[in-house]
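Undergrad: Residue numbers (numbering that gives the first Met the number 0), protein chains in the order written: chain A, 0 to 282; chain B, 0 to 276.
Simulated from the structure, these hints should not be mistaken for lab results. Among the hints, erroneous ones may be present.
30 Å max Cα-Cα, derived DSSO-like pairs, lysine-lysine [claimed, not checked]:
{"no.": "1", "chain 1": "A", "residue 1": "253", "chain 2": "B", "residue 2": "175"}
{"no.": "2", "chain 1": "B", "residue 1": "233", "chain 2": "A", "residue 2": "269"}
{"no.": "3", "chain 1": "A", "residue 1": "250", "chain 2": "B", "residue 2": "175"}
{"no.": "4", "chain 1": "B", "residue 1": "175", "chain 2": "B", "residue 2": "22"}
{"no.": "5", "chain 1": "A", "residue 1": "253", "chain 2": "A", "residue 2": "40"}
{"no.": "6", "chain 1": "A", "residue 1": "274", "chain 2": "B", "residue 2": "261"}
{"no.": "7", "chain 1": "B", "residue 1": "22", "chain 2": "A", "residue 2": "268"}
{"no.": "8", "chain 1": "B", "residue 1": "253", "chain 2": "A", "residue 2": "40"}
{"no.": "9", "chain 1": "A", "residue 1": "132", "chain 2": "B", "residue 2": "233"}
{"no.": "10", "chain 1": "B", "residue 1": "175", "chain 2": "A", "residue 2": "221"}
{"no.": "11", "chain 1": "B", "residue 1": "83", "chain 2": "A", "residue 2": "268"}
Far from chain A by the CB rule (all over 10 Å, computed), these chain B residues [said to hold, decoys possible]:
{"no.": "12", "residue": "16"}
{"no.": "13", "residue": "70"}
{"no.": "14", "residue": "132"}
{"no.": "15", "residue": "137"}
{"no.": "16", "residue": "144"}
{"no.": "17", "residue": "175"}
{"no.": "18", "residue": "223"}
{"no.": "19", "residue": "244"}
{"no.": "20", "residue": "246"}
{"no.": "21", "residue": "265"}
What you are looking at is a predicted structure, and each value in this text was computed from that prediction instead of being measured. Where is the CB? At the ideal position from N, CA and C, for every residue including glycine.
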Amino acid sequence: MSIVVKDLSYVYSQGTPYAQTALENVGIEIREGEYLAVVGKTGSGKSTFIQHLNALIKLQSGEIRVFDIDLTAKKPDLRRLRGTVGMVMQYPEYQLFDETVEKDVAFGPKNLALPEEEIRARVKEAIELVGLKYDEVKDRSPFELSGGQKRRVAIAGVIAMKPRVLVLDEPTAGLDPLGKREILALIRRLKETTSPTVVIVSHDMEAVAEHCDRMAVFSGGKILKVAPPREVFYDEALMREAEMDAPSVVKVAKALISRGVSFHNLPVKKEELVKELVERRGR
Amino acid sequence: MSVRFENVTYEYPGEEKSVVAVKNVSLEIADGSFVCVCGENGSGKSTLAKLMNGLLTPSSGIVTVDGETTSTESESALFAIRSKVGMVFQNPDNQMIASIIEDEIAFGPENLGVPREEIGERIAYALSAVGMEEHRHHTPYKLSGGQKQRIAIAAVLAMRPKILVLDESTAMLDPKGRAEVLAVAEELNAQGITVVLITHFMEEAVRADRVVVMSEGAVVMDGTPEEIFRDREKINRYHLELPVPDYLAAELRKEGFPIPEKIFGEEELAEAICRSL
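Model the full structure from these sequences, guided by the hints.
TA: As structure tokens, then:
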């Protein structure tokens, strides 16, 4: 297990008349090497949950262990935690701040107090990993890059910390179709190289169906279910309770099922539906 | 009430060199139509939108709204154009100015010098048009993204515009918020307001009467959704993508399923697949 969360509850503005419960007895074990999607409608507790994973929010009640780092400890090692769990916020390009791409990407590793040499090597590697040319962009201002490039630089800044777990809050929001495909491919590549465990918060059910191993479904501050997409999208009662919309492929498959078509494997990916139908016709 | 672009070019001035964002565009947006503008980031979509209500005026060429030319020379003409062409932008949090929703909606008509009693009527009309009447006396800060965008649309509607331009107004919303905003846009269009929707979501584009695709500042495709999405080669070239049901239909056709060439919703596609099995 890479991250174990038990009985996690969180109340915003606790002890005031404006107190609002954001998480209630949330428990989940995030497996090393998995691609987990955190889903649920706006206000369901997704963002509050992931911000706990690298202690951006202080634990109020419950337990969180990230590998061997215990967040319930009196003084958890936050520096090591933040080197372990890399957090890419929503619209991360708004958080770029330094004069050059190189300096911006170096900010994280510098805070890890690594030697100069190591920092330079990591920055170069991270910039190349996100698909930018180090020599071309290192001295440029991050602000003169295109939207998609800025987002890559912001991700490079997190990757340069070599986190074992990469957490991304709506990484494709606001991008055009090509930008979306590129960022999803980049996350795949990072999962295979630097960060084997990936957690994304997403409203894009098509992307979740295509890429993720499991989904954690949030509703009203609770986790309703943690399961592979196939077991989530075909669970009608769950989908209704979480007020979620199924991906198009699943809607087509459900419409086919209601017309008497049966499937060996309930499809959630585009190619799965096509394959099932081709095989069925061949029989 | 139409918008006409005649050989319009717009350059953003730069320190070293200027950037041409819109290149020699000629286009007419018909009264009462629902037009989607698609294209990659940086293709000129937002600049095109800002040229429609004189937020930007052309470097060369002419934009006319209802026969009136947008030009910085006549402020009163520009003022009139802006009250006819309402714009709603991407980020719902950047567009709210007042702390109470009815004040937010009243801001536009007050600036137009609309009499007090009529402002009250306009607020009621605008809020009911977007289904937000019960929020009239509330603060906008606690609303969801979709609700905030509906308030932004209501604020525009209070100016009684003929044309509503939504510049990626659904981009930052969750699926429910997007559905809410799209439903409001379609309802207003049904009541006769011209809608120009700029979007990256292809499933929104297929619901329009007409899709205009931009690339590098030029209009490169212009037609009904059927015409646009039939041209796979161009869809790839301009980095658009097919909505999922249409992608599935195309893949199945490749596999020899006799599925007709048209735009499908999920139910219709299932129906067509059943007939072809």
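Undergrad: For each hint, tell me whether it holds in the structure or not.
TA: Against the structure, the hints:
1. 253(A) - 175(B): 21 Å, holds
2. 233(B) - 269(A): 22 Å, holds
3. 250(A) - 175(B): 16 Å, holds
4. 175(B) - 22(B): 36 Å, violated
5. 253(A) - 40(A): Given that 30 Å is the threshold and the Cα spacing comes to 22 Å, the pair holds.
6. 274(A) - 261(B): Roughly 22 Å separates the two Cα atoms, so the pair holds.
7. 22(B) - 268(A): 40 Å, violated
8. 253(B) - 40(A): 37 Å, violated
9. 132(A) - 233(B): Judged against 30 Å, a Cα distance of about 28 Å means the pair holds.
10. 175(B) - 221(A): Cα-Cα ~20 Å, so holds.
11. 83(B) - 268(A): Distance ~45 Å between residue 83(B) and residue 268(A) Cα, so the pair is violated.
12. 16: Non-interface label stands for residue 16(B): nearest chain A Cβ at 13 Å, farther than 10 Å.
13. 70: Given a closest Cβ separation of 31 Å, the condition holds.
14. 132: Per Cβ check, residue 132(B) is outside 10 Å of chain A; nearest 22 Å; holds.
15. 137: Label holds. Min Cβ-Cβ 15 Å, cutoff 10 Å.
16. 144: Residue 144(B) not clear of chain A: closest Cβ-Cβ about 7 Å, inside 10 Å.
17. 175: 6 Å, violated
18. 223: Given that every Cβ of chain A is farther than 10 Å from that of residue 223(B), nearest at about 20 Å, it holds.
19. 244: Given that some Cβ of chain A is not farther than 10 Å from that of residue 244(B), nearest at about 6 Å, it is violated.
20. 246: 6 Å, violated
21. 265: 4 Å, violated
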